[in-house]
Amino acid sequence: MGKPLFVRRARGVVATEAADELARAIGPMMDGLEMRLASYRSSGELGGTVHLAGPSDFINSMIATGLAPLMTQGFQIRIHTGNRERIYSLLNASTVDLTITASMPDEHSHGFAQLLTERLLLVVAPEIAKKLGKKPTAESLTNLPLISFDEDLPLIRPVWTTLFQFAPTMQAALTIPDLRIIQDLVVKGIGWSVLPDYQCAEALESGRLVSITSHQTAPTNNLYLVWNKASMRSPRIVHVRDFILGMFNNY
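Under the UniProt record's numbering, residues 1 to 251 are what the sequence shown spells out, in order.
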């Protein structure tokens with residue numbers, strides 16, 4: 001290098017400014033090399049514990065059952081659930097290795113890949129659909145109990161705005177942060193709500209629910225698999241990440 005990288009002090013060896021500059025220069029290259037080596041080693045070093053976080057209803061509908069092959073490969077999967085704030089908090093604290101989120105990740109802070117595009121459908125029970133008709137008005141829906149994920153109406157808002165060209169101003173009659181429970185309540189005719197297509201597909205096919213919005217014109221939202229970039233140095237996390245992405249190849 002032509003310059004000393006370390007100097008001896010009374011309390012031990014200390015890196016020089018030249019050493020710090022060298023570390024900054026080669027750091028990105030070392031990260032890339034470690035990630036490449038991890039990908040080569042991953043097929044021979046399977047198993048271990050991997051922590052995954054995401055919305056409980058999405059994990060229930062789209063993830064949990066599909067993870068079975070990983071368990072037979074020797075992996076111990078630890079699933080954490082919560083809202084957006086909790087999910088990112090767990091990821092940023094390195095408590096979990098991978099997360100699933102419906103919000104666009106920050107590409108400077110995290111690595112990510114799109115899993116699927118969900119379509120948001122306004123759904124009601126068949127008997128309520130008959131009363132509303134094919135094109136319900138804003139007034140007719142406002143007169144029925146609205147069941148929502150929370151007070152901010154995160155799923156309701158884009159569908160309502162698409163249907164009526166103005167933002168919703170009503171309050172939910174009932175809020176509960178679990179799409180599975182919301183679906184059960186709507187199926188029983190207790191009120192109306194908006195659900196992602198993957199959540200209510202079986203109920204629509206069986207006739208237990210009716211969608212007021214057409215599948216073709218329904219608002220959409222993307223879901224992402226997210227990770228800390230440094231975690232890709234681990235062969236087991238790379239393997240589980242690629243496995244989960246492969247589960248959604250046909251979406």
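Since the hints were made in silico from the structure, they are not lab data. Hints are not guaranteed to be accurate.
The calculated label-pair distances, taken between Cβ atoms and stated as ranges, are [to be verified]:
hint, residue 1, residue 2, range
1, A64, K131, 29 to 39 Å
2, M71, A113, 47 to 57 Å
3, Q73, K135, 49 to 59 Å
4, L174, F248, 46 to 56 Å
5, A173, I77, 34 to 44 Å
6, P154, A113, 19 to 29 Å
7, F6, R180, 57 to 67 Å
8, H108, F243, 51 to 61 Å
9, A93, K135, 15 to 25 Å
10, E202, G246, 48 to 58 Å
11, T137, D242, 46 to 56 Å
12, M71, A93, 37 to 47 Å
The beta-carbon is built from N, C-alpha and C at its ideal position, and this holds for glycine as well.
Now for the hints, and whether the structure bears them out:
1. One distance hint, 29 to 39 Å for the beta-carbon pair A64 and K131, holds here, with the actual separation near 37 Å.
2. A hinted range of 47 to 57 Å is violated for the C-beta pair M71 and A113, which are about 23 Å apart.
3. One distance hint, 49 to 59 Å for the beta-carbon pair Q73 and K135, holds here, with the actual separation near 51 Å.
4. Our hint of 46 to 56 Å for L174 and F248 is violated, since their Cβ atoms are close to 32 Å apart.
5. Distance hint check for A173 and I77: the Cβ-Cβ separation is about 37 Å, which falls inside the suggested range of 34 to 44 Å.
6. Separation of P154 from A113 is about 23 Å and conforms to the stated range, judged on CB atoms against 19 to 29 Å.
7. Range check, F6 to R180: Cβ separation about 59 Å, and the 57 to 67 Å hint holds.
8. Roughly 26 Å separates the CB atoms of H108 and F243, a value that falls outside the hinted 51 to 61 Å.
9. A hinted range of 15 to 25 Å is violated for the C-beta pair A93 and K135, which are about 48 Å apart.
10. E202 and G246 have their C-beta atoms about 23 Å apart, which leaves the hinted 48 to 58 Å range violated.
11. Checked against the hint of 46 to 56 Å, the pair T137 and D242 passes, with Cβ atoms roughly 48 Å apart.
12. Separation of M71 from A93 is about 26 Å and departs from the stated range, judged on CB atoms against 37 to 47 Å.
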